[in-house]
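With the sequences and hints as input, model every part of the structure.
Residue numbers (the working numbering), protein chains in the order written: chain L, 258 to 684; chain U, 258 to 684.
Don't read these hints as lab results, they were simulated from the structure. Treat the hints loosely; a few may be bogus.
The list cannot tell twin chains apart, which means a pair is met if one copy fits it or any two copies do.
[Stated by the list, open to error] Taking lysine to any residue pairs in the SDA-like style, the calculated list, with each CA pair at most 25 Å apart, reads:
#, residue 1, residue 2
1, Lys633, Ala598
2, Lys633, His593
3, Lys633, Glu559
What follows is the residue order along each chain.
Protein chains: 2
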Amino acid sequence: MGTRAGIVVTGTEVLTGRVADRNGPWLAEQLRVLGVDVGHVVVVGDRPDDLRAALSFLASTGVSLVITSGGLGPTADDLTAEVVAEFMGRPSSVDPALERRIAAVVERLMARRGWRTDPAATAAGVRKQARVPAGATVLEPVGTAPGLVVPPAEGRDGPTVLVLPGPPSELQGMWSDAVAAPPTRAALTGATELRQETVRLWGTLEAQLAGTLRQLEEDLPGLEITTCLREGELEIVTRFPPPAQPAYDQLAAALATEYAGTLFSTGPTLDELVARAFADQGLTVATAESCTGGLLAARLTEQPGSSAWLLGGVVAYANSAKEQLLDVPADLLAEHGAVSAQVAVALAQGARARFGADVGVGITGIAGPGGGSSDKPVGTVHVSVVADDRRELRALRLAGSRSAIRDRSVTTAMHLLRQTLLGGPPA
Amino acid sequence: MGTRAGIVVTGTEVLTGRVADRNGPWLAEQLRVLGVDVGHVVVVGDRPDDLRAALSFLASTGVSLVITSGGLGPTADDLTAEVVAEFMGRPSSVDPALERRIAAVVERLMARRGWRTDPAATAAGVRKQARVPAGATVLEPVGTAPGLVVPPAEGRDGPTVLVLPGPPSELQGMWSDAVAAPPTRAALTGATELRQETVRLWGTLEAQLAGTLRQLEEDLPGLEITTCLREGELEIVTRFPPPAQPAYDQLAAALATEYAGTLFSTGPTLDELVARAFADQGLTVATAESCTGGLLAARLTEQPGSSAWLLGGVVAYANSAKEQLLDVPADLLAEHGAVSAQVAVALAQGARARFGADVGVGITGIAGPGGGSSDKPVGTVHVSVVADDRRELRALRLAGSRSAIRDRSVTTAMHLLRQTLLGGPPA
Numbered sequence: 258m259g260t261r262a263g264i265v266v267t268g269t270e271v272l273t274g275r276v277a278d279r280n281g282p283w284l285a286e287q288l289r290v291l292g293v294d295v296g297h298v299v300v301v302g303d304r305p306d307d308l309r310a311a312l313s314f315l316a317s318t319g320v321s322l323v324i325t326s327g328g329l330g331p332t333a334d335d336l337t338a339e340v341v342a343e344f345m346g347r348p349s350s351v352d353p354a355l356e357r358r359i360a361a362v363v364e365r366l367m368a369r370r371g372w373r374t375d376p377a378a379t380a381a382g383v384r385k386q387a388r389v390p391a392g393a394t395v396l397e398p399v400g401t402a403p404g405l406v407v408p409p410a411e412g413r414d415g416p417t418v419l420v421l422p423g424p425p426s427e428l429q430g431m432w433s434d435a436v437a438a439p440p441t442r443a444a445l446t447g448a449t450e451l452r453q454e455t456v457r458l459w460g461t462l463e464a465q466l467a468g469t470l471r472q473l474e475e476d477l478p479g480l481e482i483t484t485c486l487r488e489g490e491l492e493i494v495t496r497f498p499p500p501a502q503p504a505y506d507q508l509a510a511a512l513a514t515e516y517a518g519t520l521f522s523t524g525p526t527l528d529e530l531v532a533r534a535f536a537d538q539g540l541t542v543a544t545a546e547s548c549t550g551g552l553l554a555a556r557l558t559e560q561p562g563s564s565a566w567l568l569g570g571v572v573a574y575a576n577s578a579k580e581q582l583l584d585v586p587a588d589l590l591a592e593h594g595a596v597s598a599q600v601a602v603a604l605a606q607g608a609r610a611r612f613g614a615d616v617g618v619g620i621t622g623i624a625g626p627g628g629g630s631s632d633k634p635v636g637t638v639h640v641s642v643v644a645d646d647r648r649e650l651r652a653l654r655l656a657g658s659r660s661a662i663r664d665r666s667v668t669t670a671m672h673l674l675r676q677t678l679l680g681g682p683p684a
Numbered sequence: 258m259g260t261r262a263g264i265v266v267t268g269t270e271v272l273t274g275r276v277a278d279r280n281g282p283w284l285a286e287q288l289r290v291l292g293v294d295v296g297h298v299v300v301v302g303d304r305p306d307d308l309r310a311a312l313s314f315l316a317s318t319g320v321s322l323v324i325t326s327g328g329l330g331p332t333a334d335d336l337t338a339e340v341v342a343e344f345m346g347r348p349s350s351v352d353p354a355l356e357r358r359i360a361a362v363v364e365r366l367m368a369r370r371g372w373r374t375d376p377a378a379t380a381a382g383v384r385k386q387a388r389v390p391a392g393a394t395v396l397e398p399v400g401t402a403p404g405l406v407v408p409p410a411e412g413r414d415g416p417t418v419l420v421l422p423g424p425p426s427e428l429q430g431m432w433s434d435a436v437a438a439p440p441t442r443a444a445l446t447g448a449t450e451l452r453q454e455t456v457r458l459w460g461t462l463e464a465q466l467a468g469t470l471r472q473l474e475e476d477l478p479g480l481e482i483t484t485c486l487r488e489g490e491l492e493i494v495t496r497f498p499p500p501a502q503p504a505y506d507q508l509a510a511a512l513a514t515e516y517a518g519t520l521f522s523t524g525p526t527l528d529e530l531v532a533r534a535f536a537d538q539g540l541t542v543a544t545a546e547s548c549t550g551g552l553l554a555a556r557l558t559e560q561p562g563s564s565a566w567l568l569g570g571v572v573a574y575a576n577s578a579k580e581q582l583l584d585v586p587a588d589l590l591a592e593h594g595a596v597s598a599q600v601a602v603a604l605a606q607g608a609r610a611r612f613g614a615d616v617g618v619g620i621t622g623i624a625g626p627g628g629g630s631s632d633k634p635v636g637t638v639h640v641s642v643v644a645d646d647r648r649e650l651r652a653l654r655l656a657g658s659r660s661a662i663r664d665r666s667v668t669t670a671m672h673l674l675r676q677t678l679l680g681g682p683p684a
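Now the structure itself:
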């Protein structure tokens with residue numbers, strides 16, 4: 258591996274799981290595109306000693322660049338800039354021009370929201386955010402916090418440290434400036450392309466794939482292959498330098514032959530495949546959800562441009578809603594119960610008819626924790642897709658939490674849509 | 258701080274962001290309840306050298322316990338057990354009884370799904386998963402992978418390492434056994450209670466709060482206070498040992514006085530507050546969403562028991578759906594456009610009437626990236642809540658990605674619901 262970097266994500270709220278980190282993975286992917294390999298992401302709370310230890314550790318792994326995210330706010334627990342300055346041996350001081358620019362941003366924010374403020378307290382926070390280590394490059398704030406590029410002090414070795422704010426929009430908004438800054442460019446000299454390819458299987462057990470890969474890998478040097486099982490999908494991701502392209506092509510061909518029955522993508526995600534299929538085929542869809550409560554519609558509409566093919570959906574928790582908004586016959590509900598294959602099909606048909614869509618999807622089930630019976634335990638879910646000339650239906654018995662059952666039900670619906678639109682492995 | 262632990266999350270899929278880590282935060286919270294403080298969570302790819310470096314780093318921070326998650330599968334890139342065995346100086350060998358138990362589980366799995374299999378490849382994977390370091394305690398598999406408790410080798414210092422599988426349901430299912438294992442209990446001797454309290458504000462700027470906390474903190478030793486700004490909400494989390502309870506009470510009282518106008522919770526999340534308010538007040542709700550495409554309904558139905566008070570919702574992307582399923586007048590759409598305050602109110606009223614709910618919510622806007630105009634740019638969103646005797650309406654101009662705009666719109670709707678049901682700070 259060539260040029261390497263390490264990432265420090267700061268914030269007790271991330272360490273304790275109150276906020277999910279989105280910066281580590283985003284930075285890792287940006288770095289990969291630049292040909293920089295990330296070995297470690299360290300999550301650390303708002304404590305100076307722990308942050309110092311994380312910086313020392315990453316420096317000790319021989320990386321050229323360390324990126325920190327978070328800890329640049331005005332509160333006293335935000336201490337990244339100060340700890341980095343000290344760690345790099347570059348004492349920091351207030352940059353008066355920067356202080357004025359931040360003060361103007363804060364003032365504008367407060368005025369716009371009509372929020373009350375204590376000028377002295379606010380000024381102290383602004384002054385803290387305007388401290389810059391000697392010799393560091395300032396990255397203009399996107400929110401109120403500036404970023405910093407801090408090269409090693411004169412005569413010292415070690416990585417350049419890129420100090421970025423925690424809010425993902427601020428961090429991402431600052432990224433191109435951060436990469437363009439001369440000390441960053443110097444740290445990344447020599448980085449070369451690192452390719453990444455993905456193959457996705459649906460319906461192959463990880464143990465089976467393990468055997469295939471064990472045989473292939475020996476003959477195919479230069480490939481870093483990782484596999485991941487997620488909600489029934491096996492994802493095979495391979496990273497390699499350009500000279501190993503022929504080896505990768507061989508691997509891809511072998512997988513295509515060996516797993517012809519379960520391979521459904523050599524790149525795009527399931528969601529991208531479904532979105533493109535609707536757009537390309539000029540078809541529209543409508544959803545009717547009970548236990549998944551809008552998750553399928555929300556997942557479909559996460560795709561930009563989905564308004565062209567998703568006409569809408571109904572979340573029908575109450576039986577009366579199933580009858581009145583989706584025309585599910587009352588006697589069908591009485592005879593088979595709301596959680597039944599028959600009602601799943603009626604929901605899909607109702608959504609299709611009400612919205613005038615080409616394809617309808619119906620989901621009904623028991624996500625728990627309450628509501629189960631011996632006959633229909635928690636995790637019983639029926640998913641139906643109805644199109645002009647096709648019908649797909651799956652009965653599931655899922656294990657896990659309420660959230661796991663809902664997610665897996667939606668994923669099954671997505672695979673049924675994929676199968677209906679594109680063929681390929683059965684959902 | 259007393260007893261400390263460190264966490265290693267393994268998996269290139271986590272490091273590169275293809276899978277979000279849920280184990281680090283879950284483990285950190287479980288450890289907090291046991292009185293164990295977590296300083297670092299290190300995310301590392303499937304590379305032996307990087308994993309070894311992470312273990313060495315955490316051991317060097319003086320923790321009593323290191324927990325690893327992931328890397329216990331049958332594929333060759335899953336190497337945690339082997340690297341830990343070597344790191345701890347405890348050579349591993351196949352446990353034949355364990356091998357038989359795992360083989361039985363794998364066989365059952367394959368039979369149930371009807372998946373094809375190559376017996377030799379599968380057996381190699383099972384044998385790999387049955388390797389146990391000398392002197393380690395085996396934790397029975399929940400899926401196919403056993404967990405391990407590996408104490409330091411005779412005569413060596415350092416932490417005990419707890420090796421757990423990556424799938425959250427397997428890791429969580431094994432946790433009580435892991436904690437009850439004698440070497441874990443020995444490592445955690447002396448851990449005492451660590452309390453955690455949360456205060457939530459809506460409408461206070463972080464810079465303002467910073468000033469207040471700076472003054473209070475000096476007089477209130479023993480409190481570890483962290484603040485976090487998320488989607489406009491300021492979260493103040495304080496961790497402290499039991500003797501510092503009086504200091505915390507003083508802080509809580511001061512915040513309640515100082516931020517009476519913006520404090521909306523001293524514990525529960527926004528979502529829990531809204532769910533409880535509906536349940537306690539015996540009121541029902543229905544949603545009508547355009548740009549958020551079901552996200553609000555999905556978020557409300559994430560709460561267990563929501564079927565008692567959420568009657569349903571409509572995702573109305575197409576104008577025809579707004580007219581036909583929610584009775585939005587065609588001339589209202591023509592006159593003001595689909596993205597307007599008037600249509601937001603009509604959507605809320607339509608949802609309320611169609612589902613026969615006490616409260617209706619309407620959201621309409623432009624989430625982007627396409628669809629904006631100079632008059633109504635991307636990020637223009639209108640949110641309306643209509644109840645028997647109240648109406649709330651907000652016009653938003655949001656910045657950021659499609660996903661950020663959708664999330665923030667839904668959060669605003671949740672605050673409007675909170676305000677409608679419970680009063681408190683305006684949304």
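Note to self: Let me make sure I understand: some of the numbered hints might not hold for this structure. Which ones are they, in numerical order?
What the structure shows: The structure conflicts with no hint, since it agrees with every one listed earlier.
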